[in-house]
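A.B. asks: This is what each chain is made of:
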Amino acid sequence: MINLHYLIGLPIIIGIVLFIIPEMLKLLKGIVTVIITIITLYFSITTFQLDNELARLVCFTFPSLTKFMDFQIDYLSKLIVLFIGAFGFLFSLYSLSYHNRKNDLTNFYSYFLITLGAAFGAVLADNLIIFVTFWGVLGLTLYKLIKGNDEESSSAAKKTLIIIGASDSLLIMGIGIVWMLTGTFNISEISLSTTGALPNIAFLFLLIGALTKAGAVPFHTWVPDYVKSAPASSSAFLPASLDKLLGIYLLARIIMNMFRLTEWATLVLMIIGGITIIAAVMMALIQHNYKKLLGYHAVSQVGYMVTGLALGTPLGIAAGLFHMVNNALYKSGLFLTAGSVEKQTGENEIDRLGGLSKAMPVTFIAALVFAFSISGIPPFNGFSSKWMIYQGIIDFGKGSGIANNLWVIWLVMAVFGSALTLASFIKLIAGVYLGRQNPKLKKVKEVNFLMWFPQLIIAIICVGFGIFAANLVVPFFFERITGKFDYIGIWKSQSVTILILVSIVIGYLIYLWGNMKKHRVSDSFIGGEKIQEETEFSALEFYKTIRTYKLLSFFYDKAEKKRFDLYNIFKAIVLWFNSLFSKAHNGFLPRYIFWYIAGMLILMIVLVF
Amino acid sequence: MGKEIFYFLIFPGLLFSGVVGGFLSWFDRKITAKVQFRQGPPLLQTLYDFVKLLNKETILPEKGSRFTFMVAPIFAVFGAAISAVLILLPLLNIETGFAGDLIVIVYLLNIPSLTYIIGAVASANPLASVGASREMKLILSYEVPFLLVLTSIIIKANMTIKLDEIISYQVQNGAFIGSLSGIIGFIVALLCIQAKLGLVPFDIAEGEGEICDGITIEFSGSTYAMVNLAKYIMLFILPALVVGLFFGGLNFANINILWSILKVVLVVLLLTLIRNTNPRVRIDQAMKFFWIWMNLFAIVSVVLAIFGL
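Each protein sequence line maps, in turn, to chains C and E.
So that you can map any letter, position 51 of the first sequence is 51 in my numbering, and since no number is skipped, the others follow by simple counting.
So that you can map any letter, position 230 of the second sequence is 230 in my numbering, and since no number is skipped, the others follow by simple counting.
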């Protein structure tokens with residue numbers, strides 16, 4: 001399997017070699033990276049065309065390891081490999097221009113390539129030991145792809161490492177239990193039912209591993225902090241796209257291959273999905289930082305994928321996986337636009353931006369497409385997958401389980417989450433691209449080709465996936481994984497797209513028919529008064545009303561103090577134990593003499609009796 | 001494809017629903033005038049308004065994105081017309097590929113509101129921004145009760161989300177308005193539509209007295225004509241959707257045509273009467289009203305529907 005060597009081995013080896021090249025030659029490193037990603041893209045495409053098989057790689061250096069080197073090439077892993085390859089190429093192109101400053105992240109390209117190779121490895125591995133090895137490498141590179149030279153980013157990096165590390169250790173324990181129960185490490189040979197204590201614990205541990213990587217509530221808290229201080233290319237590469245692909249990939253493997261879910265397990269997953277959608281998007285609504293807002297959406301969207309996969313029907317699983325791919329596309333695209341805006345203006349705070357649509361037209365159009373996609377506006381791709389998820393939920397409601405009977409709740413959560421997503425993106429688009437231009441941003445220009453090209457490509461894919469969803473994209477990529485299924489609704493995306501074009505023509509004709517040539521340009525009308533340059537209704541004020549409601553403000557206050565953050569809760573517990581133990585070690589001699597005597601007494605008592 | 005373009009542009013899409021919507025708008029204004037002891041406009045007033053607006057000088061915003069501002073009304077008309085096709089084809093019992101998926105309709109019906117918001121923020125007018133934020137909050141308010149009503153309909157119609165099947169189910173088993181959950185659902189749906197159309201008491205996004213028409217303040221001439229066209233269409237298709245969901249659709253065969261017209265006019269009459277007898281509420285009051293009371297009503301309707309009432 002020559003493909004596997006190129007996909008997994010090549011990026012990792014070149015990545016390690018790039019450590020040797022000094023940072024002075026950053027451009028050279030970047031070009032090498034782009035070339036490598038083109039090669040991996042080529043091999044990911046050829047891998048996609050391969051037949052399904054269980055490949056065994058020969059390990060030349062350690063022949064005894066060969067028996068572990070099982071790699072699974074099936075429709076699911078091929079799909080993920082294809083998208084990892086595409087994202088790797090686009091982001092390396094973007095980074096070439098984004099990372100051209102000095103004092104930037106050191107060894108970015110090395111870690112980028114290692115991440116790429118490890119991601120391919122994790123997806124293709126059939127053996128859980130190999131899988132978890134690559135998986136662990138990804139946690140480490142995530143930590144190294146953030147700068148960590150100021151307090152905020154270093155604490156974010158630390159938090160990420162600890163959360164991911166903790167979840168990985170649970171994952172390893174879960175794998176251990178699975179081995180204990182089945183006696184095999186090969187995913188393809190495992191089939192457990194979630195009945196009884198041990199399989200349930202194993203299921204839970206594996207689930208935590210997958211959901212932490214993907215970033216679902218309550219294991220999500222690293223995502224917003226990480227993306228706020230990490231460079232946009234890192235955020236687009238890992239938390240926005242690769243971590244989603246991998247986390248949901250593992251979840252899909254757990255649900256489809258390794259475990260058979262009981263209705264209670266389904267219920268747990270549906271609750272996690274629903275709460276993730278609503279809680280994260282409610283937080284996104286009140287954010288005032290471009291990247292952090294996107295970070296909360298990166299969490300919220302996971303809820304849809306979890307919901308889709310938890311349905312367990314072919315329609316639901318296909319919808320969840322389709323949403324995973326769509327989300328990886330538009331979310332990473334959004335991070336790229338955030339990076340472009342940041343690079344051209346040096347700003348991330350929404351209130352210091354504004355009116356950039358004229359200065360940065362391509363970025364604006366791309367951001368608009370991504371914003372509409374993520375909010376599920378027809379006919380973009382986000383709508384197609386959400387529509388499939390809604391149908392899946394209604395279809396699921398026909399069944400008779402505990403989770404099935406509650407289908408109305410899941411449906412309302414999903415649709416309402418989508419409306420809230422739209423609301424927060426209206427705020428983002430209004431605050432950054434539309435509205436009055438901030439006078440300080442007069443000289444801002446569009447980013448260069450290397451940066452807008454990836455944005456544009458991803459935007460075009462978003463539109464294309466939306467238009468050709470039901471009759472091309474879903475049968476080609478997803479129906480092969482889950483098997484054929486029927487839709488219960490009707491959505492003719494192509495006809496609607498043609499009608500959109502027709503209506504644009506008609507609208508243009510109506511404008512021509514009307515007196516459009518005789519137009520006049522004038523500043524805003526505010527009731528007859530002359531408008532001042534500073535007069536503005538900031539986009540940040542849009543949803544202040546929601547923030548002030550009694551019940552909601554209670555949750556918001558707690559959330560802003562990070563009371564719901566598992567990391568902070570555990571930190572508080574650990575620190576409490578610390579302070580408890582440190583009372584015993586206060587450095588005063590009488591205290592130590594007391595321990596000494598007390599210890600002697602206890603020893604005597606033990607020896608006497 | 002030519003068939004679909006015909007549906008979209010002529011019947012029952014843009015032209016048909018625009019004309020009917022125009023007459024309904026006249027009806028609305030006439031009733032309002034009668035309530036206020038005035039004479040009211042002549043029958044073709046909406047047409048005069050539309051043509052006059054097209055010939056008026058158009059003023060474009062100096063700051064902000066002019067292109068986005070001008071494209072937004074086109075998409076408003078598109079959203080209204082495509083919803084008209086998806087709602088009216090099943091209602092008129094015309095057999096096509098467009099069976100009217102309820103989820104799709106919910107999403108398409110939000111497009112006009114969305115485009116007003118985008119147009120408003122693109123105009124860079126602070127008052128328009130206030131209006132835009134209110135419109136968005138209004139969408140957030142009525143989205144959940146409206147969806148809950150739809151789920152109660154879906155439950156009553158044996159878990160189908162296709163509008164034509166919902167209507168044929170009612171034709172066989174009696175209209176949903178005849179049941180308890182149907183009555184409650186109808187009240188909720190009516191108020192949601194009131195908010196969707198931006199009529200008093202939910203004309204908060206326009207707020208003539210305080211923010212000078214807010215969300216549409218910057219639209220003028222041709223752009224405003226397009227916004228109005230979208231509003232006319234919405235004034236027809238939203239009541240038509242309610243008729244489809246609760247009154248068993250329309251029937252244009254022989255004498256039934258009168259009865260069908262009466263159904264739509266009745267719903268519009270209710271909307272008009274509500275708007276003429278109520279003062280405007282504040283946005284936070286509207287949100288509380290929908291989030292607490294309307295949701296409660298809608299949940300009751302869903303629960304009753306589950307028990308088959």
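Just so you know, these hints were derived from the structure itself, not from any lab.
In this text the structure is predicted, and so the values were computed from the model without any measurement.
Just to be clear, a hint being listed does not mean it is correct.
Unchecked claim - A partial selection of chain E residues facing chain C, derived with a Cβ cut-off under 10 Å:
no.: 1; residue: Val19
no.: 2; residue: Arg29
no.: 3; residue: Phe75
no.: 4; residue: Ile82
no.: 5; residue: Ser129
no.: 6; residue: Ile183
no.: 7; residue: Leu296
For every residue, glycine included, the Cβ atom is placed at its ideal position computed from N, Cα and C.
A.B. asks: Which numbered hints turn out to be false for this structure?
C.D. replies: Numbers 1, 2, 6 and 7 - these are the hints that the structure violates, sorted from lowest upward.
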